[in-house]
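Put together the whole structure using the sequences plus the hints.
There are 2 protein chains.
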Amino acid sequence: MGANIKDVAKFAGVSPSTVSRVIHDNSRISQATKERVRNAMVELGYVPNAAASSLAGRTPRTLGLVLPNNPGELFKNPFFINAMRGISVYAQARGYFLLYSFSRDEEDEIQFIRNYINSGWVSGVILLAARKDDRCVDYLKLSDFPFVLIGHAADPLTTCWVDNDNFQAMYQVVTYLLEKGHRKIGFLGGPETFRVTQDRYNGYIQALKGRGFPLEEELVFMGDDFTEDSGMKGGKEILGSIMPDAIATTDDQLAFGLLKYMEENGIEGIAVTGFNNTVRGIYQRPGLTSVDVNADLLGERAAELLINLLETDESERQNLSPNHYFVETKLIPRETA
Amino acid sequence: MGANIKDVAKFAGVSPSTVSRVIHDNSRISQATKERVRNAMVELGYVPNAAASSLAGRTPRTLGLVLPNNPGELFKNPFFINAMRGISVYAQARGYFLLYSFSRDEEDEIQFIRNYINSGWVSGVILLAARKDDRCVDYLKLSDFPFVLIGHAADPLTTCWVDNDNFQAMYQVVTYLLEKGHRKIGFLGGPETFRVTQDRYNGYIQALKGRGFPLEEELVFMGDDFTEDSGMKGGKEILGSIMPDAIATTDDQLAFGLLKYMEENGIEGIAVTGFNNTVRGIYQRPGLTSVDVNADLLGERAAELLINLLETDESERQNLSPNHYFVETKLIPRETA
DNA sequence: ATATTTTGTGCAACCGTTTTCGCATTTGAA
DNA sequence: TTCAAATGCGAAAACGGTTGCACAAAATAT
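For the record, the sequence lines run as chains A and B.
Per this note's numbering, the very first residue in the first sequence carries number 1; after that it's consecutive.
Per this note's numbering, the very first residue in the second sequence carries number 1; after that it's consecutive.
If you are wondering where the hints come from, they were derived from the structure by calculation, not from laboratory data.
Careful: at least some of the hints might be erroneous.
The list makes no distinction among identical chains, and a pair is therefore deemed to hold if it is satisfied within one copy or across any two copies.
As the list claims (entries may be wrong) - The calculated lysine-lysine pairs, modelled on DSS-like cross-linking and capped at a C-alpha distance of 30 Å, are:
#1 K260 <-> K330
#2 K6 <-> K141
#3 K233 <-> K132
#4 K233 <-> K184
#5 K6 <-> K34
#6 K236 <-> K260
#7 K6 <-> K209
#8 K260 <-> K233
#9 K141 <-> K233
#10 K132 <-> K236
So, in structure tokens, the structure goes:
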């Protein structure tokens, strides 16, 4: 390993404490000394020992990421890798390291977080997949450990989080469909209990209202989950009654199920939109019109929020502002709408 | 933060040194004492402070991952996320943390590795994307820092690496094509300078030879890179002369280019195979027959190799065996072949 | 000219763990 | 019974930074 703080001190003709203060840009050190020490640092190729630094009281400049371990989801949806990249880009710029781990289940995740915290290896956590009633969130709050959530927090006032503006996103989708000339527009969502479903549903309703179109309950269906099967079921329900000329779904998987149902039943000419811009939707024919949730930027913003949180004094954290970010989505028109 | 080693010592009625020895299962501590201390540890929810531990001489149980930052590649090919998952699964089982970073370029990567090493935060490195004449490899060797490579090492004897058996993989592809009744089989590869191209080309040759088929030079083309464009160019070259009835490519992107060329020129009935089992190949119609390189397992094996390396004494590392693993590939037949 | 504040730096204790050395105590051999 | 070796554990010095405190020198106020 390279030079340590003593080597630098000796080289610059000062004491180790002075070097340390130069590293942290302490105002009590004169410019002349700072310059001399900094030269010594580059001269010797000095990199501070992170272990010693965090042991001695500084917060370790490392963030811990908690990822779900759902093999299918991981490769169908480039969300996670892109979010991780976004986080990496930002964290790098601020000089933070990143720890990650895929966990099998909630129990596993809590275990990880416990290890992150107690090992002293990590100063903050980013949760990349928020569940409803997430025990990880509870655990982190209970431990009073800094974290941010990607996704809408159950308690948005006392939690830091980043998310898309799901209302706005769906509003935009429906408006787009209306402008395309569609009049009877259905809605196929995930479980009602999810915040994201609610938000998007509200966006759907408002977009219709805004243009003076009525909400027709028969054209609305909420699945039990986000699977293709639920999509097919939704197709059966919605297309069984009145025929809409477009259906906005809240997830590409649902859309795939819906398209499958339509194909199997020879139904054509209905516009379909999805959410998440998954790879399958991009490459299938016809390409699925979908909403890109901008995972990259979600990641960057999450990292930004967390690092800002970490770098504000403990006493002021309560009223950190902002405690959340909304990230723009982008509608990607393709053949299905 | 939780309890420290002194708390545990007090609780168990021993000295901190004894607790430390129990943690590392030192043979000089009696079973009775070990039990008592271990009880104290669970009782107090003790997790060793990783910073202190690594400061005091232990190697930090953390591995650093170096990833390329090629946005397109990252989401078209689920290789990286799967490899990362594989690494995570194995590292977790052995009690290691994982650091990752996406780098813009080679310069950036070296910078990261330097930080990894000098910060004392990391005890070994996994390179997920090996280039030819990789400066990172040189740097790591020069620093005498433990690392493994995913991909074939330039110097396979003195480097630790994991890779697919590319010879075998292509042998299998060609054999499959021959068994399907194809007789004139072409080869469309990436740059010749790449080891992987060579290996797969040799597999192609041997598979033909093995069954007594001649190698026809006009049916072989090596592109300048792994892009769709090169695939189209290859199609033009190979399909311009004698018509083969199948073409084995060394990369899905090349295969996509080839298929595109065929479509644009109205050429049909030629079997095509790819490599990497990318998402586009899975979802396009017709589905692309491709070789799954088993990224998950590559990741696991890489982690295994590195951790084993780290846990053998410095003096014995020279003749660590094995210093590499071959990971099975899996041919995934779809419509194009 | 003296008193007071500000500025610049060093000393030394501390963070939590590891590990060498050393000292009892027990075990086994002579 | 005596001595050497093995066993079981504690004391204390690292590891590399950080930071409160002290203190001298310089700047400013009186």
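Right, here's what the structure says about each hint:
1. K260 <-> K330: Both: 25 Å inside a copy, 28 Å across copies.
2. K6 <-> K141: The answer is between: 27 Å across copies meets 30 Å, while 39 Å in one copy does not.
3. K233 <-> K132: For K233 and K132, only the intra-copy Cα distance (23 Å) is at most 30 Å; the inter-copy one is 51 Å.
4. K233 <-> K184: within (19 Å within a copy, 47 Å between copies)
5. K6 <-> K34: Close inside one copy (16 Å), not across copies (39 Å); limit 30 Å.
6. K236 <-> K260: Close inside one copy (11 Å), not across copies (36 Å); limit 30 Å.
7. K6 <-> K209: neither (70 Å within a copy, 66 Å between copies)
8. K260 <-> K233: Answer is within: at 11 Å inside a copy they meet the 30 Å cutoff, but 36 Å across does not.
9. K141 <-> K233: Cα proximity of K141 and K233: none, with 39 Å in one copy and 58 Å across.
10. K132 <-> K236: The answer is within: 28 Å in one copy meets 30 Å, while 54 Å across copies does not.
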